[in-house]
Amino acid sequence: MNKVDLVEKPRLREDLPDFRPGDTVRVHARVAEAGRERIQVFQGVVIRRQGGGLRETFTVRKVSFGVGVERTFPLHSPTVSKIEVISRGKVRRAKLYYLRERRGKKARIRERREPVGARATPEPDQGEESEQG
Numbered sequence: 001m002n003k004v005d006l007v008e009k010p011r012l013r014e015d016l017p018d019f020r021p022g023d024t025v026r027v028h029a030r031v032a033e034a035g036r037e038r039i040q041v042f043q044g045v046v047i048r049r050q051g052g053g054l055r056e057t058f059t060v061r062k063v064s065f066g067v068g069v070e071r072t073f074p075l076h077s078p079t080v081s082k083i084e085v086i087s088r089g090k091v092r093r094a095k096l097y098y099l100r101e102r103r104g105k106k107a108r109i110r111e112r113r114e115p116v117g118a119r120a121t122p123e124p125d126q127g128e129e130s131e132q133g
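Per my numbering, residue 1 is the first one in the sequence shown, and the count goes up by one each step.
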């Protein structure tokens, strides 16, 4: 193992969902303005993931009032408070830069179908059963 990896490993976040380019995500980012902090939500399509380890980033694209907006977030940064995966997209490449030139229905991404066994089904806890009494 590399010496840099040993230093970075404790700082990596484990609470992040598994997402890929083509997925639609909702990113809750902390924004500091006027001396106070608030959460700003940015929802769009992941067009790339880049780098690795602590330096890994991902770029999300959305169209706001007819203008394309892209924002790059550091994956393991404390400024990203939460990432929610809204839908999974079926794409055939890792960098979706071609979406920049497409408008409307041509910019759509088909939804990826998950195999039945791969879907995460929440299991009820064995110890927490409600008692009527």
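For the record, the hints were derived by calculation from the structure and aren't laboratory data.
A hint or two may mislead.
[As the list claims (entries may be wrong)] Calculated cross-link-like contacts (lysine to any residue; reagent style SDA-like; alpha-carbon spacing at most 25 Å):
| # | residue 1 | residue 2 |
| --- | --- | --- |
| 1 | Lys9 | Arg55 |
| 2 | Lys9 | Glu84 |
| 3 | Lys82 | Arg103 |
| 4 | Lys62 | Pro10 |
| 5 | Lys106 | Leu54 |
| 6 | Lys90 | Lys3 |
| 7 | Lys95 | Pro74 |
| 8 | Lys9 | Lys106 |
| 9 | Lys105 | Gly117 |
| 10 | Lys95 | Ala34 |
| 11 | Lys90 | Val69 |
| 12 | Lys95 | Arg38 |
| 13 | Lys95 | Arg55 |
| 14 | Lys106 | Pro74 |
| 15 | Lys106 | Lys82 |
| 16 | Lys82 | Val25 |
| 17 | Lys106 | Arg48 |
| 18 | Lys90 | Thr24 |
| 19 | Lys90 | Pro10 |
| 20 | Lys105 | Ile86 |
| 21 | Lys106 | Gly51 |
| 22 | Lys105 | Val116 |
| 23 | Lys3 | Glu70 |
| 24 | Lys82 | Lys105 |
| 25 | Lys82 | Ile109 |
| 26 | Lys82 | Glu101 |
| 27 | Lys95 | Gly117 |
| 28 | Lys3 | Val69 |
| 29 | Lys9 | Arg93 |
| 30 | Lys82 | Pro10 |
| 31 | Lys9 | Lys62 |
| 32 | Lys9 | Arg103 |
| 33 | Lys62 | Lys3 |
| 34 | Lys3 | Lys106 |
Small disclaimer: the values here were computed from a predicted structure and weren't measured.
Take the C-alpha atoms of Lys106 and Gly51, compute the straight-line distance between them, and say whether it is at most 25 Å. The hint is violated at about 29 Å.
Would the hint linking Lys62 and Pro10 be met if the CA-CA limit is 25 Å? It is violated: about 33 Å lies between the C-alpha atoms, which goes past 25 Å.
Restraint status (C-alpha distance of Lys95 to Arg55 at most 25 Å): Holds, at roughly 18 Å.
With a cut-off of 25 Å on the C-alpha distance, tell me whether Lys9 and Lys106 pass. 41 Å, violated
Given hint Lys3 paired with Lys62 - CA-CA distance at most 25 Å: 38 Å, violated
Holds or violated: Lys9 with Glu84, Cα cutoff 25 Å? 23 Å, holds
Given the hinted pair Lys90 and Val69, is their alpha-carbon gap at most 25 Å? Since the Cα atoms of Lys90 and Val69 sit roughly 22 Å apart, the hinted pair holds (cutoff 25 Å).
Between the alpha carbons of Lys9 and Arg55, is the straight-line distance 25 Å or under? It holds: about 12 Å lies between the C-alpha atoms, which stays within 25 Å.
Would you check the hint for Lys90 and Pro10, treating anything up to 25 Å between C-alpha atoms as holding? 33 Å, violated
Assess, step by step, whether the Cα of Lys105 is no farther than 25 Å from the Cα of Gly117, and give holds or violated. 31 Å, violated
With the threshold set at 25 Å, check whether the alpha-carbon distance from Lys95 to Pro74 stays at or below it. 17 Å, holds
Is the hinted pair Lys82 and Pro10 satisfied, with a Cα-Cα distance of at most 25 Å? 19 Å, holds
Violated hints, listed in ascending order, are 3, 4, 5, 6, 8, 9, 10, 12, 14, 15, 19, 21, 22, 23, 24, 26, 27, 28, 29, 31, 32, 33, 34; each of the other numbered hints is respected by the structure.
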